[in-house]
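Chains as they are written, first to last, in the UniProt record's numbering: chain R, 1 to 338; chain F, 1 to 338; chain Y, 1 to 338.
Simulated from the structure, these hints should not be mistaken for lab results. Among the clues, some could well be false.
What the hints assert, rightly or not - Simulated crosslink set (PhoX-like; lysine-lysine; CA at most 20 angstroms straight-line):
id, chain 1, residue 1, chain 2, residue 2
1, Y, K139, F, K139
2, R, K139, F, K139
3, Y, K139, Y, K93
Remember, it's a predicted structure, so these values are computed and weren't measured experimentally.
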Amino acid sequence: MLKLKTPLLLLTFSVLFSSAIAQNSLKKIKVQGNQFVTEDGKVMVFRGLNVADPDNLHTKGHWEKAFFQEIKNWGANIVRFPVHPSAWRKRGKTEYLKLLDDGVKWSTELGLYVIIDWHSIGNLRTEMYQSDNYETTQKETFEFWRTMAKHFKGNNTVAFFELFNEPTVAGGQLGTCSWEQWKTLNEEMIGIVRAHSNDAIPLVAGFNWAYDLTPVKENPINAAGIAYVSHPYPMKNGGKPWENKWPTDWGFVAKKYPLMLTEIGFSGAEEVGAHVPVISDESYGDAITKYTAEQGISWVGWVFDDRWAPRMFSDWNFTPTRQGKYFKKALLEYNSNK
Amino acid sequence: MLKLKTPLLLLTFSVLFSSAIAQNSLKKIKVQGNQFVTEDGKVMVFRGLNVADPDNLHTKGHWEKAFFQEIKNWGANIVRFPVHPSAWRKRGKTEYLKLLDDGVKWSTELGLYVIIDWHSIGNLRTEMYQSDNYETTQKETFEFWRTMAKHFKGNNTVAFFELFNEPTVAGGQLGTCSWEQWKTLNEEMIGIVRAHSNDAIPLVAGFNWAYDLTPVKENPINAAGIAYVSHPYPMKNGGKPWENKWPTDWGFVAKKYPLMLTEIGFSGAEEVGAHVPVISDESYGDAITKYTAEQGISWVGWVFDDRWAPRMFSDWNFTPTRQGKYFKKALLEYNSNK
Amino acid sequence: MLKLKTPLLLLTFSVLFSSAIAQNSLKKIKVQGNQFVTEDGKVMVFRGLNVADPDNLHTKGHWEKAFFQEIKNWGANIVRFPVHPSAWRKRGKTEYLKLLDDGVKWSTELGLYVIIDWHSIGNLRTEMYQSDNYETTQKETFEFWRTMAKHFKGNNTVAFFELFNEPTVAGGQLGTCSWEQWKTLNEEMIGIVRAHSNDAIPLVAGFNWAYDLTPVKENPINAAGIAYVSHPYPMKNGGKPWENKWPTDWGFVAKKYPLMLTEIGFSGAEEVGAHVPVISDESYGDAITKYTAEQGISWVGWVFDDRWAPRMFSDWNFTPTRQGKYFKKALLEYNSNK
Ligand SMILES: [Mg+2]
Ligand SMILES: [Mg+2]
Ligand SMILES: [Mg+2]
Ligand SMILES: [Mg+2]
Ligand SMILES: [Mg+2]
Numbered sequence: 001m002l003k004l005k006t007p008l009l010l011l012t013f014s015v016l017f018s019s020a021i022a023q024n025s026l027k028k029i030k031v032q033g034n035q036f037v038t039e040d041g042k043v044m045v046f047r048g049l050n051v052a053d054p055d056n057l058h059t060k061g062h063w064e065k066a067f068f069q070e071i072k073n074w075g076a077n078i079v080r081f082p083v084h085p086s087a088w089r090k091r092g093k094t095e096y097l098k099l100l101d102d103g104v105k106w107s108t109e110l111g112l113y114v115i116i117d118w119h120s121i122g123n124l125r126t127e128m129y130q131s132d133n134y135e136t137t138q139k140e141t142f143e144f145w146r147t148m149a150k151h152f153k154g155n156n157t158v159a160f161f162e163l164f165n166e167p168t169v170a171g172g173q174l175g176t177c178s179w180e181q182w183k184t185l186n187e188e189m190i191g192i193v194r195a196h197s198n199d200a201i202p203l204v205a206g207f208n209w210a211y212d213l214t215p216v217k218e219n220p221i222n223a224a225g226i227a228y229v230s231h232p233y234p235m236k237n238g239g240k241p242w243e244n245k246w247p248t249d250w251g252f253v254a255k256k257y258p259l260m261l262t263e264i265g266f267s268g269a270e271e272v273g274a275h276v277p278v279i280s281d282e283s284y285g286d287a288i289t290k291y292t293a294e295q296g297i298s299w300v301g302w303v304f305d306d307r308w309a310p311r312m313f314s315d316w317n318f319t320p321t322r323q324g325k326y327f328k329k330a331l332l333e334y335n336s337n338k
Numbered sequence: 001m002l003k004l005k006t007p008l009l010l011l012t013f014s015v016l017f018s019s020a021i022a023q024n025s026l027k028k029i030k031v032q033g034n035q036f037v038t039e040d041g042k043v044m045v046f047r048g049l050n051v052a053d054p055d056n057l058h059t060k061g062h063w064e065k066a067f068f069q070e071i072k073n074w075g076a077n078i079v080r081f082p083v084h085p086s087a088w089r090k091r092g093k094t095e096y097l098k099l100l101d102d103g104v105k106w107s108t109e110l111g112l113y114v115i116i117d118w119h120s121i122g123n124l125r126t127e128m129y130q131s132d133n134y135e136t137t138q139k140e141t142f143e144f145w146r147t148m149a150k151h152f153k154g155n156n157t158v159a160f161f162e163l164f165n166e167p168t169v170a171g172g173q174l175g176t177c178s179w180e181q182w183k184t185l186n187e188e189m190i191g192i193v194r195a196h197s198n199d200a201i202p203l204v205a206g207f208n209w210a211y212d213l214t215p216v217k218e219n220p221i222n223a224a225g226i227a228y229v230s231h232p233y234p235m236k237n238g239g240k241p242w243e244n245k246w247p248t249d250w251g252f253v254a255k256k257y258p259l260m261l262t263e264i265g266f267s268g269a270e271e272v273g274a275h276v277p278v279i280s281d282e283s284y285g286d287a288i289t290k291y292t293a294e295q296g297i298s299w300v301g302w303v304f305d306d307r308w309a310p311r312m313f314s315d316w317n318f319t320p321t322r323q324g325k326y327f328k329k330a331l332l333e334y335n336s337n338k
Numbered sequence: 001m002l003k004l005k006t007p008l009l010l011l012t013f014s015v016l017f018s019s020a021i022a023q024n025s026l027k028k029i030k031v032q033g034n035q036f037v038t039e040d041g042k043v044m045v046f047r048g049l050n051v052a053d054p055d056n057l058h059t060k061g062h063w064e065k066a067f068f069q070e071i072k073n074w075g076a077n078i079v080r081f082p083v084h085p086s087a088w089r090k091r092g093k094t095e096y097l098k099l100l101d102d103g104v105k106w107s108t109e110l111g112l113y114v115i116i117d118w119h120s121i122g123n124l125r126t127e128m129y130q131s132d133n134y135e136t137t138q139k140e141t142f143e144f145w146r147t148m149a150k151h152f153k154g155n156n157t158v159a160f161f162e163l164f165n166e167p168t169v170a171g172g173q174l175g176t177c178s179w180e181q182w183k184t185l186n187e188e189m190i191g192i193v194r195a196h197s198n199d200a201i202p203l204v205a206g207f208n209w210a211y212d213l214t215p216v217k218e219n220p221i222n223a224a225g226i227a228y229v230s231h232p233y234p235m236k237n238g239g240k241p242w243e244n245k246w247p248t249d250w251g252f253v254a255k256k257y258p259l260m261l262t263e264i265g266f267s268g269a270e271e272v273g274a275h276v277p278v279i280s281d282e283s284y285g286d287a288i289t290k291y292t293a294e295q296g297i298s299w300v301g302w303v304f305d306d307r308w309a310p311r312m313f314s315d316w317n318f319t320p321t322r323q324g325k326y327f328k329k330a331l332l333e334y335n336s337n338k
């Protein structure tokens, strides 16, 4: 229904390019009740690893298949790409899409599913953010998902679109945003994705830096086939003991909807990169892997890098850090049981 | 009531310039019931031609009185200037106003009324558009009308301000916009124009690329003295037969308000520039000119150019295309009967 | 609760810098009922002077302690810094903060309180403004107050944050803004400031270029500890006689809330810079100083400069103009009585 008013000889090649990347060697993932299932009905629990921003990895010279092979070697079945708005703008849409296409291709070849994560932190309503690299606008965020939806339509590897990494008003320093307003913004993004007939599962987070999902009880997102997200770092909501907080702060959601903890991780207080709210020890690892296994909740460790914190390895021989050792073992064990 | 806080010696010449262009040799057009009338009470039905963007015409070397003379020769009594937001920004306000001033001067001399059309396509609420040349913001759109209102105040030739060419959410790909939200945006623009005591008649379009006016029945724009717009290209809403669609999709509006089809046109499937939704033949021309004549509806053919499609002529000797022949004859016949 | 995901060795020095400027030699100002009081309970009525934009003064070579000494010599106990959005952007945050830090330091040394004023004129809702130097966005305005709140936290000299100089829709030329919408924008800004534990008193203005406070009667700003503002220039609302207008247009507010006239001033019709709405004579000075003294209303004369109008002095020997003579005498008399 679009009318051509551009000069007659001008053609658009976007259709050709966007369909070329669809490589459907992985089974399509769908939402069924409170679970993720493959198109042929197998229940999937995802456990995997976050990487640094693809732009950053490319600059460091590590955006290559060997890196994805190592993620696979650690036992992951999913990888999360945190696309920082500042990196997206710096590299530009065309060049950044090439990075994503490469990462998705290697993931497909290795049998890893992919989460594309719009990695902002702050208040999308007032467009105020925690720091400069998280700066974006509603318009840019909507356009990002329009671009992703069009570009990865029909690609089963890109199974998840995490709409906005960590919503927060930072105690009011970033202005106000009600759950109702946040819900409306998410529904707008989901509508844009689905109007492109892209079946990626939208992942929706709550406030307090993607920790708090309590409003979902009374007022869930008005869209079927989505999943929720929490980032339950060890020091959130007062920290240990976690058992009496996790179920009511976010875990209850898993009774009704698929739930994915797209960032978990810890750092010993003595380690480089230790900071609030991640300081803890292996007891956190035990608690979170046990609770999620019992509830069928998926998780993704933060972060498979030597610099971003808390880090999983200390050098590019992939020498595991303390949490690296913990999560490598956990990934290999839990995912081999599936 | 404006306070001067600028350096004392700084003066503004804008008042001098803006009044200089007011050339009132054409009679002022007003809304009376469901009709356009001249200030002395003569009913007017407008039938004319769209041109390409004035910026584009100027670049091609055709923004000259001879071009307007040809429009007049074809029988038009009105000409529509589609100002693309991208062209407006590229050329800049001052230089673009010079183009408009020239076009308005030649139109005045030839007795042609002018529609200034903010030629965007998309969703002004989310600020998402069909393609780059249609990109704008609410702020830029409001400022455009503030500028037009101030600049053309008292100019009878510039009888119409078409507030936004083709509103559409593209099936949700551009996000959502309710009729109520669209109505509010139009009322804001109308308020800005009229606060400048500019009496140009605001033209308001509906969704589906300015095709659908059904919400006007229950919930019209809250402003007197306006007119509505539809762009009923031949393939809209399933195409032929049109007779059972046009009256209910948009034609009913003409019983109560003035109505102007600011874009109509067709292209044989064999012609250059043929595309959805314009492919049809002379039977479309017969149907639309007959229906509009019966209902007193004004119309403007798209597009008096050799490149933009569907085109009216094939070279700058103004050799008519198939639809060019059709509309040249129609304009000369219908407008001579008035 | 902020997570560090930046490279491990990157540190932020902002905490060091922002606390360095807190010099608490002046007593903290608070709101108590309809009055300003010092932290030890002394009622304060502020009477002082506006300066030109600090950026402008610095460019002219007059942003120096001697200039502030002269303000003190004229009897002021407060000085208002009108930060124009265009100047803020041009100089940049870091450099502009240095100007403010210098001005605040000299003010502290001389015992002058400071109002930081976001000096825009227009409609913050539609983001349409009176002229280019007042252009800003909601986002930029919110970020400005976020920056001010963080930077001047704990600084008693910076006792007032005037959130938006002169709100106006210019009779609709700048679109619409209801009092409810304006109230919401102010409450958002107040929330941002207070989330940073900054105790500066927010100053809130009404429409008609900060003249009209009538909506406060039925629908005050929903925040404790704030004060209201009016700019009752002599020709507002029809001009003289003022006695039957001031109490109902804005003066009534002082019965319930602290009120500060952050701009008053006049110019003889014969003087350079005379313009609507400031043309008047000493009778205006007598009326406004008497009425404010009776009601305990604070005021700040516009403007302690040789170029901005109406000006207080005619050269940089600080030779008083007609209103300069008037206000120098008024400041010295009224403030010495306190
Ligand atoms: Mg929060
Ligand atoms: Mg995070
Ligand atoms: Mg069109
Ligand atoms: Mg106003
Ligand atoms: Mg003022």
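request  = Kindly indicate which numbered hints from before are broken by the structure, ordering the numbers from low to high.
outcome  = none
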